[in-house]
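Peer 1: If you read the sequences in order, they're chains R and U. So in this note's numbering, the last one in the first sequence is 1202, and the numbering has no gaps at all. So in this note's numbering, the last one in the second sequence is 1085, and the numbering has no gaps at all.
Since the hints were derived computationally from the structure, they do not count as laboratory data. There's no promise every hint is true.
Stated by the list, open to error - Calculated cross-link-like contacts (lysine-lysine; reagent style BS3-like; alpha-carbon spacing at most 30 Å): (1) Lys717/U / Lys1079/R; (2) Lys1079/R / Lys969/U; (3) Lys860/R / Lys845/R; (4) Lys883/U / Lys910/U; (5) Lys1081/U / Lys1079/R; (6) Lys802/U / Lys1081/R; (7) Lys1178/R / Lys1081/U; (8) Lys656/U / Lys1081/R; (9) Lys1096/R / Lys910/U; (10) Lys930/R / Lys978/R; (11) Lys1049/R / Lys1121/R; (12) Lys930/R / Lys883/U; (13) Lys1183/R / Lys910/U; (14) Lys707/U / Lys1000/R; (15) Lys1049/R / Lys717/U; (16) Lys883/U / Lys1121/R; (17) Lys1191/R / Lys1019/U; (18) Lys1191/R / Lys883/U; (19) Lys707/U / Lys952/R; (20) Lys1089/R / Lys969/U; (21) Lys1186/R / Lys717/U; (22) Lys802/U / Lys1161/R; (23) Lys857/U / Lys1186/R; (24) Lys1019/U / Lys1155/R; (25) Lys1183/R / Lys969/U; (26) Lys883/U / Lys978/R; (27) Lys969/U / Lys1155/R; (28) Lys857/U / Lys1121/R; (29) Lys1019/U / Lys978/R; (30) Lys1081/U / Lys1161/R; (31) Lys1000/R / Lys910/U; (32) Lys880/R / Lys952/R; (33) Lys1049/R / Lys910/U; (34) Lys1019/U / Lys1096/R; (35) Lys1089/R / Lys938/R; (36) Lys897/R / Lys952/R; (37) Lys1183/R / Lys883/U.
Claimed, not checked - Short derived list, chain U residues pointing at chain R, Cβ under 7 Å: (38) Gly649; (39) Phe653; (40) Ala654.
Glycine residues also receive a C-beta, built at the ideal position from the N, C-alpha and C atoms.
Each chain, letter by letter, is given below.
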Amino acid sequence: MSNTPDTVLFFGHLHPLLVHLPIGLVVVVAFLELVARSTRFRNANANVGFILALTVPAAAAAAICGLLLSEAGGYQDKLLQWHKWSGLATALSCAVAGILYRLDLKKLYRMWLFPTMTLLVIAGHFGGSLTHGSDYFVRYAPGPLRRLLAGGSKPVVAPQTNRVEVAALPAFSGIVQPVLQQNCVSCHGPEKSKGGLRLDSLEAVVKGGKSGPVIVAGKSTESDLIKRIRLPLTDDDHMPPNGKPQPANDDLALLQWWIDSGAPTNANVGQLKPTPKIAQILAAKFGLPKPEEKSIDPKPLNEVLAQTANLMDDQNVAITPLSPKEPWLQCNASVAGTNFGDKELSKLAAIGPNLRWLDLGGTAITDAGLAQLSSMPNLTRLHLERTRISDGALSKIAPLRQLEYLNLYGTEITDAGLDELQAIPKLKQLYLWQTKVTPAAGKAFAEAHTDQDQLQRWQEEIQQLTAKIRDAHIAVDLGTMTPPVASTNATPVNAQCPVSGKPIDPTKTVFYEGKLIAFCCDDCKAEFQKDPKPYLAKLDSKPSEAVSK
Amino acid sequence: MQSFDSFLQHQTRRAFFKNTGLAAGRIALASLIFPQLFRANASPIKVSRGHPGLPGLPHFAPKARRLIYLFMNGAPSQIDLWDYKPNLSELFNSDLPDSIRSGQRLTTMTSGQKRFPVAPSIYKFAPHGNCGTMVSELLPHTAQVVDDLAVVRSVYTEAINHDPASTYILTGNQIPGKPSIGSWLSYGLGSEAENLPAFVVMTPRWSAKRDAQALYQRLWGAGFLPSQHQGVALRANGDPVLYINNPPGVDPSVRRTMLDGLAKLNQGTFQRFGDPEIQTRIAQYEMAFKMQTSIPELTNISNEPQSVLDLYGPEVKQPGTFAASALLARRLIERGVRVVQLLHREWDHHGDLPRDLPLQCRDVDQACKGLILDLKQRGLLDETLVVWGGEFGRTVYCQGELRRDNYGRDHHPRCFTMWMAGAGIKGGTVYGETDDFSYNIVRDPVHIRDINATILNLMGIDHNRLTYGFQGLDQKLTGTEAPAYPVKGIMA
């Protein structure tokens, strides 16, 4: 590719643009001739000569551009030859049809359109296979048809499996290959191998492309494969190229995880010990049974309001809509205190799907009672502080997919329980004051729950922007400005009255030489103000510098 | 008389049926559209729990469930606390340029002065927190939580004296008679607490000179709203609520029987006259009965751990101090109280400012920090809005004799500083800017109406839609004279 002149490539890249024009025109010609055989539309072919006059040069131009594009290489050779010759044949066939028409050999000309159309379909199919992959056309065709047309292998798609089987999946062929297949192989595979790189097999991935290996085992951030994907979309080196579908963040995380785990060739998922984040992605990707996803839809607001009125009277809890436009409710049961327990919570199940905010702080709720949370899948804020719950409660909280705020302060939660909460995807705030959770475990939880890759990407973006800002500035140096220094508290500097020696009254003060001096009484203050000098030595603090000026 | 006669003449049989027919249709339509309007009257009056809010409120999902309003009555000096003006020290004792004052009216306390000499602050400022907001050395503790504060340096008002200005910012009008912000919130959002009022007020004592501006009950009054929405003031000294304990020889069951009987009588009167104030009265008797147990429980802080008490500072154990009140404020909102307002007096430093301001700051500084940190560790700061500020600012020029180490400042409505923290607030922000003399606002002015609109907005209320018909006008907290806008720049 590198030794092909740019002009050749420029015209070569016009091929996909130009090629559809003669295709359309030929189809129109054939269609008009066909229709004209009926007496009702016998004049349909009146202008066919004009269309043919357009078709022939268009076909020629498309063919020439196609030849130039084939120079660029990177396509599967056999398929390319087939497309090339069938394409040239089609163009030639168009020209022959044009000549026959011109010579007024109308009958022959009409017959000639049949082989032309056949050639067109053949050439078009090969062209499509070159661009989209040879199995593109039949990938999702019904089984027998697919076998008939392509003898095709079954496409690689993420298998439907359960938790046990995910652990047993081979890391490369089960996790990584589908990602590459979906995002990369159309250009780096058997049909096209741009940059000499193929990503359709483990050996090929390890081997790399013309410019060397694309993965560095154990270091995803140094692997070209990852670096290129994570470049800004506008960067020329970004992969997949701008405009092509981009890999999902989760898929990228899986790739990185595999490389960071040392890019093993024959390990399975379980052996690589997925982090909670990866486990979560895998769970989402492989369609694990997700009881938490049952997402009971809330009832309309006016329907639940009647229920809330009864609940409020029975249980002394406050239930109010969050806004009149949405069905969501907030419920404050903490005002009922220990009068509110498991039994009362179970009654809230009737409005469970509508609850958005639930305050159970200081209630008599227990671990067992929190099983009712399964009827409240839409909770975003949950207060459980100052209750008797322990680690056992957390498995009931973990399925709350919408939860953003969780208050557990003053409970018996320990480090061990925290792991359960890793699975809550939207959690933003977690309060653990006065629990048995250690600071180290809290910090580790926060780090594990944060999308570190996203943070790193943002850090890189910040650096790039900082550099841009720096470049946009003119440096004008006016010397350094020293910021004012923080100083002492504005309480009196002395504890004893400098005049009488008695304890001070803080309301009897005088500012003198920048210090706040306090006295025991107004008389001593007046005494001092008359002539401060004799008393200065008695101050039990060193004089500090003047405050103003 | 003539118009009454003509009214009678128009009341023909035909007109009567037409009107009643239409009215019946209207009622039927309304009952279909707003069923909640009719439910309230159909069910017997419930006094057992906190009163509900208005139907349709909150207007949108709120950020804050509760409000703690720390009101510094008397007007703290923004120049000495928040509005850092480093260049002023060079202008010590120079005359305030006329172009700055530009003929603005002054109070009679300084309008007779021959000169208006610039009095720079003698206090040092330093950047604090990650945000680097400049804070005076008088507020060393508040400075530690400045990353949680949105400091608005460009608040302004029209009132120039304490009483109208306090009435203005707390009730939305300089003329007495309007409901206070806490009453509006109680009216609109209702009460969640069963045993405590929705709106509680405390008036902690202060350290500086003994005389201070008076407070008026109207600052937490309900105005034309039903009077159950007025703030209940806890006293700073002695019993927090007077006469709440049963007299000697009266046990709770006797009191209960008496109240039940009284409620029955009142209920009968209500059914005859339909005056909503009778309902208020029934509710207040009930509330007082409940507060017989809830208030002692509230004020008993013996189970607060020492680490929490330490946050608020050494005065937290002395009832009636600002620190003790701040701790009570937290305990109140934990118990479902909607609005707690602390009114700390004597920030009116016309003279001897360097003597009094440090004492006032020491009263509130550590307690403000303690309140924010305590709310934060309990996960309550996410749901609680904390507001700090006075009724106006103070002048850059000196009132009375100007010395290097002593000066006073007069009232200044054209700019002052408030801060907000907590639910929905973008911490670490500084909003608005004043000129070099902290006299006029040069960027992002915020009228006190806008402050009130912001508070309502964070509580989930569109200030234009929380209205109450009175004297032929749909009254609202932000007034009807000029538009008000929530300050988006300090919202997260």
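Peer 1: Now look at each hint and say whether the structure bears it out.
Peer 2: Comparing the hints with the structure gives:
Annotation: proposed proximity of Lys717/U to Lys1079/R is violated, straight-line Cα distance about 44 Å (limit 30 Å). With a C-alpha separation of about 20 Å, the suggested pairing of Lys1079/R with Lys969/U holds against the 30 Å cut-off. For the hint linking Lys860/R to Lys845/R, the alpha-carbon distance of about 16 Å falls within 30 Å, and the restraint holds. Between Lys883/U and Lys910/U the CA atoms are separated by roughly 25 Å; this keeps the pair inside 30 Å, and the hint holds.
Distance hint between Lys1081/U and Lys1079/R is fulfilled; the C-alpha atoms sit about 25 Å from each other, no more than 30 Å. Proposed proximity of Lys802/U and Lys1081/R is contradicted: the alpha carbons are some 47 Å apart, above 30 Å. Of the supplied pair hints, the one linking Lys1178/R and Lys1081/U is violated, its CA atoms being roughly 50 Å apart against a limit of 30 Å. Distance hint between Lys656/U and Lys1081/R is fulfilled; the C-alpha atoms sit about 15 Å from each other, no more than 30 Å.
For a cut-off of 30 Å, the pair hint linking Lys1096/R to Lys910/U is broken: about 34 Å separates their Cα positions. Restraint check for Lys930/R and Lys978/R: not satisfied, since their Cα atoms lie roughly 35 Å apart, outside the 30 Å limit. A hinted pair counts as satisfied when its Cα atoms are at most 30 Å apart, and Lys1049/R with Lys1121/R does not qualify at roughly 48 Å. A hinted pair counts as satisfied when its Cα atoms are at most 30 Å apart, and Lys930/R with Lys883/U does not qualify at roughly 50 Å.
Annotation: proposed proximity of Lys1183/R to Lys910/U is violated, straight-line Cα distance about 39 Å (limit 30 Å). The straight-line distance between the Cα atoms of Lys707/U and Lys1000/R is roughly 74 Å, outside the 30 Å bound, and the hint therefore fails. The straight-line distance between the Cα atoms of Lys1049/R and Lys717/U is roughly 53 Å, outside the 30 Å bound, and the hint therefore fails. Our distance criterion of 30 Å between C-alpha atoms is broken by Lys883/U and Lys1121/R, whose separation comes to about 64 Å.
Between the alpha carbons of Lys1191/R and Lys1019/U the distance comes to roughly 48 Å, so the proposed pair goes past 30 Å and is violated. Proximity of Lys1191/R to Lys883/U is assessed by CA-CA distance (about 57 Å); at most 30 Å being required, the pair is judged violated. Of the pairs offered as hints, the one joining Lys707/U and Lys952/R is violated, with about 72 Å between alpha carbons and a cut-off of 30 Å exceeded. Distance hint between Lys1089/R and Lys969/U is fulfilled; the C-alpha atoms sit about 18 Å from each other, no more than 30 Å.
With a C-alpha separation of about 26 Å, the suggested pairing of Lys1186/R with Lys717/U holds against the 30 Å cut-off. In summary, the hint linking Lys802/U to Lys1161/R is supported, as the alpha carbons are separated by about 9 Å, within the 30 Å threshold. Our distance criterion of 30 Å between C-alpha atoms is broken by Lys857/U and Lys1186/R, whose separation comes to about 76 Å. The straight-line distance between the Cα atoms of Lys1019/U and Lys1155/R is roughly 48 Å, outside the 30 Å bound, and the hint therefore fails.
At most 30 Å may separate the alpha-carbon atoms for a hinted pair to count; Lys1183/R and Lys969/U exceed this at roughly 50 Å. Under the criterion of a C-alpha separation no larger than 30 Å, the hint pairing Lys883/U with Lys978/R is inconsistent with the structure, at around 35 Å. Proximity of Lys969/U to Lys1155/R is assessed by CA-CA distance (about 41 Å); at most 30 Å being required, the pair is judged violated. Simply put, Lys857/U and Lys1121/R have alpha-carbon atoms about 77 Å apart, too far for the 30 Å limit, and the pair is violated.
Our distance criterion of 30 Å between C-alpha atoms is met by Lys1019/U and Lys978/R, whose separation comes to about 26 Å. Between the alpha carbons of Lys1081/U and Lys1161/R the distance comes to roughly 44 Å, so the proposed pair goes past 30 Å and is violated. The straight-line distance between the Cα atoms of Lys1000/R and Lys910/U is roughly 41 Å, outside the 30 Å bound, and the hint therefore fails. For the suggested pair Lys880/R and Lys952/R, the alpha carbons sit about 47 Å apart, so the restraint of at most 30 Å is broken.
Restraint check for Lys1049/R and Lys910/U: the C-alpha separation of about 41 Å exceeds 30 Å, so the hint is violated. Restraint check for Lys1019/U and Lys1096/R: satisfied, since their Cα atoms lie roughly 24 Å apart, inside the 30 Å limit. Taking the CA atoms of Lys1089/R and Lys938/R, the gap is near 35 Å; set against the 30 Å cutoff, the hint is violated. Straight-line distance between C-alpha atoms of Lys897/R and Lys952/R comes to about 41 Å, which puts the hinted pair past the 30 Å bound.
Taken as a hint, the Lys1183/R and Lys883/U pair is broken in the structure, with Cα atoms around 59 Å apart against an allowance of 30 Å. Interface hint status for Gly649/U: upheld, as the beta-carbon distance to the closest one in chain R is roughly 5 Å, under 7 Å. At a threshold of 7 Å, the smallest CB-CB gap from Phe653/U to chain R is about 5 Å, leaving the interface hint in force. Because the smallest distance between the Cβ of Ala654/U and any Cβ of chain R comes to about 5 Å, under 7 Å, the interface hint for this residue holds.
When held up to the earlier numbered hints, the structure conflicts with 1, 6, 7, 9, 10, 11, 12, 13, 14, 15, 16, 17, 18, 19, 23, 24, 25, 26, 27, 28, 30, 31, 32, 33, 35, 36, 37 and fits the remainder.
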